[in-house]
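Add chain H to chain E, keeping to what the hints say.
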Amino acid sequence: MITPADLITFIYHEARLLDEQRFDEWLDLFAPDGRYWMPLEHGQTDRRLTTSLMDEDLFLLRLRVERLKGNRTYSQKPKSRCHHVLQQPQIDVFERDHYVVWTAMHYIETRQDQQDLYAAWATHDLTLIEGTPRIRLKRVDLVNCDAAFGSLQLFP
Amino acid sequence: MTYRNDPAALTALVRDAEVHRDVYTDPEIFALEMERLFVNTWVYVGHDSQVPNAGDYFGTTIGTQPVLMVRHEDATIHVLYNRCPHKGTRITTETCGNTGRFFRCPYHAWSFRTDGSPAALPLPSGYQDETFAHSQAAQGLTPVRHIHNHRGFVFARMSAEGPDFATYFGDSLSSIDNMVDRSPAGRLQVAGGVLRYMHNCNWKMLVENQTDTCHPMVAHMSSAGTAIDLWKQAGEQNPKPMAVEIYAPFMAPYEFFEKMGIRTWDNGHGHTGVHHSIHSNYSAVPGYFEQMVAAYGEPGAKAILDENRHNTIYFPNLMVKGPIQLLRLFKPLAADRTLVESWTFRLVDAPDFLLERTLVYNRLINAPTSVVGHDDVEMYERAQEGLHANGNPWVSLHRLFEPNEATVAVDNGTTERQMRNQFRAWARYMTAAP
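Protein sequences, first through last, are from chains E and H. To convert, take the position in the first sequence, counting from 1, and add 4; that gives the numbering used here. To convert, take the position in the second sequence, counting from 1, and add 5; that gives the numbering used here.
Where hints are given, some of them may not hold.
[What the hints assert, rightly or not] Pairs of lysine-lysine residues, derived as DSBU-like cross-links and limited to a Cα-Cα distance of at most 30 Å, are as follows:
id : chain 1 : residue 1 : chain 2 : residue 2
1  : H       : K264      : E       : K73
2  : E       : K83       : H       : K264
3  : H       : K245      : H       : K264
4  : H       : K237      : E       : K83
5  : H       : K264      : E       : K81
[Unchecked claim] Only some residues are given here: those of chain H computed to face chain E with a beta carbon under 7 Å:
id : residue
6  : T7
7  : M226
8  : S227
9  : P373
10 : V376
Keep in mind the hints are simulated off the structure, nothing from the lab. The beta carbon of each residue, even a glycine, is placed where N, CA and C say it ideally should be.
Isolated chain E (complex conformation) (with noise of 0.2 Å):
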């Protein structure tokens, strides 16, 4: 049986994961028809005909994760880094094999002497498989998703 406890500590431990640059265990995160969605306009419910700033299913999270080894993926060189700082995850929704979990963060991404701090809200659908939980959409809403600014390269 899961707990509360087992997915807060799975949050906790999905940001530790991109912290620590570890992109393919964090994939492995994902179920199989897992997104990864960070929407464009503030409360934005349609993803079809209202772009969005990331709408990502494995195929492109993946092409993200293997450019970011590339030997030719110059806007890496030198690499990004990132950092989480999460508020104690909150359950909205502990159902059989559903469940949701809201996440307050600050999200700060680095690159070379520039450092950009985004505030962002996570909201994690999460399910299980194999007894595990896995995402099935990690929604991110950047607190200015309006707003004009340079290269996000990593994940919040």
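Frame of chain E; chain H shown alone:
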């Protein structure tokens, strides 16, 4: 003050096939571009579908000038400088919205009709002296002198004298026309949201990159090349993912881009993709061709859809992609700072799927979270830094240069001729009287 009073020094920055790095790095050149280039040329303001109803407004910039586009009660579009004639306060309260019949300044409640003319101000007895009546303040919101709405696309020219709209753009309007004609109703609507991406580089680097066909297979190997590799590893499953369909052509060989062709027009306009383009082989959309045939007849529909232009530059700072209904506006903020806005359009009466694909393209290529965008920005920002090297102050535009090249031409798709064309126009409009 090297260039302001020295037209010869300005024109000397542009050689036949080279430009001096000051055009990208010098704050004085940037200031002169805002005073002259963006004043003397026709600059894109917005699309009239952004202001469909009387009182609708949209705030934007022409160069660095704050302006607003508004729909007047008689349905005409007006472009006004976005400052109250009293103290300079920005008139619009939101980026876009509806102001009703009047703009009302939030500072002292001076109000204006939506054509800019003055309507009322509080305590008018305080303005009895005729010096006020003769001031610019009494005239209301100052209009931008010349505006033109071409099939929904609103352009403005701030200078008193200069070429009229049709002369300035000439045959280049065929790219906008083709984009509009792709709607069975012959109309476009702004849709899907605008992606805004901040760049620490000069705006002209972005404009040049739109017709730079020798960079995709190099700079985008990390993104497009990886997409192809992953798809192959997955066994090239069918149907091909939309992301692969969009990314893969970036890795086409040089020969593909050579044969694609480039066309140049007068005044710095031009386009890649004369014969085919990276957008040529997208999957057919069920029902769309039938709608087009119903609207235009079969030969007409084929003629519209067989045109697959890649990127069309409307000099100075607009790029239009007709086949996928997308435009990018390169907004200059400083010599080394540019805001890129990527806008998308719905083809009125066409299937939603066309807009959906356009939005995927915009997100995958133009977002600040786009891996292709990351590839490009890295190159621009490295150039902005590298150009400070004093060892060589010149930027090379020599590719496929021949002396005395004609302005209007169709050429090999890998030529840098369109970049040279832009700089010839740049020199002309930088030295013309505003």
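- Can you list which hints this structure breaks, lowest number first? Checked against the structure, the hints that fail are numbers 1, 2, 5 and 6, while the rest are satisfied.
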